[in-house]
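Q: So the protein sequences, as listed, match chains A and B. Using our numbering, you'd call the opening residue of the first sequence number 4 and step up by one each time. Using our numbering, you'd call the opening residue of the second sequence number 349 and step up by one each time.
Don't read these hints as lab results, they were simulated from the structure. Just so you know, not all the hints are guaranteed correct.
[What the hints assert, rightly or not] A partial selection of chain A residues facing chain B, derived with a Cβ cut-off under 7 Å:
(1) 35
(2) 45
(3) 46
(4) 47
(5) 49
(6) 70
(7) 79
(8) 100
(9) 106
[Said to hold, decoys possible] Partial pick of chain B residues on the chain A-facing surface, computed with a CB cut under 10 Å:
(10) 391
(11) 438
(12) 453
Every residue, glycine too, gets a C-beta built ideally from N, C-alpha and C.
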Amino acid sequence: DQQVKQNSPSLSVQEGRISILNCDYTNSMFDYFLWYKKYPAEGPTFLISISSIKDKNEDGRFTVFLNKSAKHLSLHIVPSQPGDSAVYFCAASVRGYQKVTFGTGTKLQVIP
Amino acid sequence: EAQVTQNPRYLITVTGKKLTVTCSQNMNHEYMSWYRQDPGLGLRQIYYSMNVEVTDKGDVPEGYKVSRKEKRNFPLILESPSPNQTSLYFCASMFAGSDTQYFGPGTRLTVL
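The following block holds chain B by itself, in its conformation from the complex:
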């Protein structure tokens, strides 16, 4: 089944404790992206990757890191999480040249 998977689905952590949210897709998509969804703000892009070893900042990259060492994986790293990073996070992927993204199920992160 073609899908985008994210782990964990739920995470409660404390300020400053490094964490990684994994994202994996099995559709051989070149493009992958991370979004956060917040009430009243919709979906905002954090980082995106056009292909392996090619990443770029989205609209709200502060406090986040990403890497794209393999085509299928695009982990989101929070090296020192803060409470303002409490949010619902979505990973998405699509073929290069396409406009239609496939989203993962989301990761709800709470930073205390």
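Bound conformation, chain A alone:
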């Protein structure tokens, strides 16, 4: 049972435009959400997170939006740059339990 789903395996965006990566979850107990970025031949690295008490968190070009009623979150990258080309994993956890559930990943390609 995939509790965290990223329904788009891949996404191509022109440099300078907005990239929107989506993530859906089914477990209503999740109260903390993270995005990780992964380059080939490297491990994932933390990008940005959001607590369920917020609906938006921004860090430079990266913004994460959370819609709890829809059990949906999205990552916006504006403007997109070629260096953003990577696989992005959505992840969710229940705070205090230290178990993180990851999604299947979305491969983003930013075309120069």
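Got chain A sorted already, so can you dock chain B onto it with the hints?
A: Just chain B now, kept in the frame of chain A:
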């Protein structure tokens, strides 16, 4: 430099030949975890450890063993590898109470 290291980075072996993938972190993290990444399935947790001598199963523990005798090390043991364990493996660590994990560079395992 704060890091999570894994060895080996690449391994080709045959069915039934016991192997160990080592993981070490130098950040004094209490929590360590093993994941496998497979196409279309994302990152799935194999085992995790909350501290020394405390380990628990993740989502896909079958065919794997772990031990946590020292805080910095968390080896993954495959006592009788099978071809369905061919995968990309990641070790991760974080402080207890945190939600942000630090990942190693990955170990690509092929079982023939």
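Q: Now look at each hint and say whether the structure bears it out.
A: Here is how each hint holds up against the structure:
1. 35: At about 5 Å, which falls below the 7 Å cut-off, the nearest Cβ of chain B leaves the hint on residue 35 of chain A intact, so it holds.
2. 45: This interface hint holds because 6 Å falls under the 7 Å limit.
3. 46: With Cβ-Cβ at 3 Å, under 7 Å, it holds.
4. 47: holds, 5 Å
5. 49: holds, 5 Å
6. 70: violated, 20 Å
7. 79: violated, 20 Å
8. 100: violated, 10 Å
9. 106: With a minimum Cβ separation of about 5 Å from chain B (threshold 7 Å), the hint on residue 106 of chain A holds.
10. 391: holds, 4 Å
11. 438: holds, 5 Å
12. 453: Holds. Min distance 5 Å.
Going through the hint list in order, the structure does not satisfy hints 6, 7, 8.
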